[in-house]
Each structure stands twice: as C-alpha cells, then as structure tokens.
Amino acid sequence: MPSSVALACAAASVVIRLGGGGGALAQIPQEPKPVSEPIPLTTPAPAPQPATGTAVPAAGAPGAAPQQEAPAAPAPPPAPTRPPGPLEPIADPTRPAPPDVPFVNPLFVPVDVPAKLTARPPLADWESREPLFVAVKVDETGRVLEAQAVEPPLRAFGPTVSLLAAKWTFKPARKDGQPVRTWATYGIDLTIQLEDAAWTSFDLTPVGKTDPLPEIGPETVGEAWVTRYPKEITPPEPGYVSVEDVDFLPMPAKSSWKAESTKLRSKIHALVEVSTQGQVKRIVPIGKENESLILKWVRGAALGWRFSPGSVAGKAVDSWLVLDATLEYALDSAKEVGKRSIKKNLRGTPEG
-13 MPSSVALACA AASVVIRLGG GGGALAQIPQ EPKPVSEPIP LTTPAPAPQP
37 ATGTAVPAAG APGAAPQQEA PAAPAPPPAP TRPPGPLEPI ADPTRPAPPD
87 VPFVNPLFVP VDVPAKLTAR PPLADWESRE PLFVAVKVDE TGRVLEAQAV
137 EPPLRAFGPT VSLLAAKWTF KPARKDGQPV RTWATYGIDL TIQLEDAAWT
187 SFDLTPVGKT DPLPEIGPET VGEAWVTRYP KEITPPEPGY VSVEDVDFLP
237 MPAKSSWKAE STKLRSKIHA LVEVSTQGQV KRIVPIGKEN ESLILKWVRG
287 AALGWRFSPG SVAGKAVDSW LVLDATLEYA LDSAKEVGKR SIKKNLRGTP
337 EG
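For the record, in the sequence shown the residue sitting at position 99 is 85 according to this note's numbering, with numbers rising by one throughout.
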C-alpha cells in the first residue's frame, strides 16, 4: 500500500479537465511560501474600525476600495528668529565693578587761600589800529545789494556798515573777460579811539572743583582768522561766483566811512591765570559774547592789576579765576586810514 507521502506527491501533479473534453488544461500552482516582513521600529497606528453593521470587503475582493496611506502629520512651524543685536556683556562675578570717578575741573587748584585782587587801576583811554572786514554783495553792474560786517572788532560797527553800504558802488568783478556777480571782501583799516571806561560790574571767583569745562571763545587776532572761512559761497547763490575764482577783484569806487561817537557797553567773560608773583599771566576768553577789541583793551589794562597769590601750606601757587564783568565806555572815533579788496571769500560759516 503506498505511503501518505507518495499519495500527496501524486496529488500535486494531477491534471484536471475543466468543463468538457478538449478544454484548456491548467496546472494548479503550489501555494507560495510566506515572506517575512521587516519589523517596524514604531508601532503602526490602528486601522480605523468600520461602523457597526457595515460589511467591509476583503482586500483584493471585487468592489473593495484601494487602500490609501494615512497623510503625514504637518511639520511644526520653525521657531521665530530674533534680529541680530548688540551683545550684552556678562558681568564677571569675580571682578569688582570699577569705582565711579568724580569729575574734577583740570584748572582747579586746591588752595588753602585763593588769589585775591588787591589793586586795579582804572582803564586809560586807548587807541588802536584795527581792520574791519565787510562781505559785500555786488552785482555785475557794480551795485551793492547787501553788506555785512564779518567778526568786527566792535559789534557796534555792524549797524554802521549796513547804513553806509547802501551808498557804496564798486567796479564789478570779472571772469573770462565778463563782469560777474560775487560777494566781495572789502577791508577797511581803522584807527579807533576808546575813552571814559568804567566797570559797572566786576567779579573774580576761583575755578571750582566741579565747575564744567568752559567753551573757549574765538579770537580774531590779526588777519589769520579769515582762513577759517570756506572758499565757496555758503549757502550757494545761483549766478554768483566766489571771489576766489574771479580774474579781477571788485574794487571800491565809492565807499565812504564814518562812525559817530557813541556810548557803548561790553561784556567780558574770561579765565584769568594769576602767577605766584600776584600778576596776570594770561586772559582766555570764554563763550562768544566777548568783543575782540575790548578783550585786547582789558588785557593791556590787566598788566597793572595786582593780587595776593593763592597758596597751599603757606606756599604761593599759580591759580585760575573766572572773570565776569561789564564795561561801559565811549567810542570817540573810528577813522578810515586805508581800504583794500581781498581775494578771500567770507560769505559762509567758519570752521572751528
């Protein structure tokens, strides 16, 4: 009797006729061996369960819907970024904070006894020769349209220039053979006499330890100060040429000068250095209210001032005082002794 193994092998090769005779033959294939799937690293989400009473066709059966993969979860939005900014220093806990250093005025001298004025002779009448520079707006016909005193030795000369310039005429500047419009620089040399001076206020105080640093005032000593002005007319004026670019300077044809005698008042605000001998070593103007001619007058008079000098432990030392004073005087005369046209633009804002 054949064994069960033999019967099984014979049954696997049986040929079956389908339908009637002569039909096509088909060989029954052997069942494929199952293929092992890789073990997923994460547990898959459970498939959604159908509603109760609804038949779900098996996969691969007719009428079964194709299986779709579950949509992937959206990626989280990127974290907001901060714009770059200055790095904040991290305090070093092992290093002590720097101490607060109080401000000390560099001119302060810790004297035991401050300098004190002991003698101040009255100001003598005074005469000085000074230049007065005027910026004159001249058209191509030589007519004067405007005039301004530029840093005059006395501010009182400003209104005088405005009144007199209305009657002035010039030979116009020329460039490339043609008359042009420009701002001329007109210099008047004056002999000025001042008299009857009297101090209406006069205060000298030592420079304090915490006094703020003062603004040193400008000085128009000589004529070198004109170089602080720009070459070009500032602000620019259409149709006007800088006097530094013309071929022939505008020359005064009619430019009379006359200054009336008048009473005036000037402020003096300055630093005064007193030496160990009790004399004035120098006077330095503070701010912009000083007038150059009056400062020059006071400097000459200060040569006669006498002080008891400041001292430390009984020894005389140089020290600084602040002068705040008002002077009244008379402008006796300001006579013209010369005039000239200068190839330097003074229409603008000076540097420094």
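Just so you know, the hints here were simulated from the structure itself, not pulled from any lab data.
As the structure is a computational prediction, the values presented were derived from the model and not from experiment.
Misleading hints may appear alongside valid ones.
To be verified - List of simulated lysine-lysine pairs, DSSO-like, C-alpha gap at most 27 Å:
#	residue 1	residue 2
1	K267	K249
2	K282	K161
3	K240	K102
4	K157	K240
5	K161	K240
6	K274	K195
7	K274	K240
8	K157	K123
9	K123	K161
10	K157	K244
11	K325	K249
12	K267	K282
13	K123	K244
14	K325	K157
As the list claims (entries may be wrong) - Across the chosen pairs, the derived CB separations fall in these ranges:
#	residue 1	residue 2	range
15	I202	D304	12 to 20 Å
16	S242	A316	18 to 26 Å
17	G290	P204	21 to 29 Å
18	V227	L149	24 to 32 Å
19	R141	K330	17 to 25 Å
Positions of the beta carbon are idealized from the N, C-alpha and C atoms, including for glycine.
Each hint, compared with the structure:
no.: 1; hint: K267 - K249; in the structure: 30 Å, violated
no.: 2; hint: K282 - K161; in the structure: 40 Å, violated
no.: 3; hint: K240 - K102; in the structure: 53 Å, violated
no.: 4; hint: K157 - K240; in the structure: 9 Å, holds
no.: 5; hint: K161 - K240; in the structure: 22 Å, holds
no.: 6; hint: K274 - K195; in the structure: 24 Å, holds
no.: 7; hint: K274 - K240; in the structure: 34 Å, violated
no.: 8; hint: K157 - K123; in the structure: 12 Å, holds
no.: 9; hint: K123 - K161; in the structure: 16 Å, holds
no.: 10; hint: K157 - K244; in the structure: 21 Å, holds
no.: 11; hint: K325 - K249; in the structure: 26 Å, holds
no.: 12; hint: K267 - K282; in the structure: 14 Å, holds
no.: 13; hint: K123 - K244; in the structure: 20 Å, holds
no.: 14; hint: K325 - K157; in the structure: 14 Å, holds
no.: 15; hint: I202 - D304: 12 to 20 Å; in the structure: 19 Å, holds
no.: 16; hint: S242 - A316: 18 to 26 Å; in the structure: 23 Å, holds
no.: 17; hint: G290 - P204: 21 to 29 Å; in the structure: 27 Å, holds
no.: 18; hint: V227 - L149: 24 to 32 Å; in the structure: 27 Å, holds
no.: 19; hint: R141 - K330: 17 to 25 Å; in the structure: 22 Å, holds
Taken one by one, the earlier hints fail for this structure at numbers 1, 2, 3 and 7, listed in ascending order.
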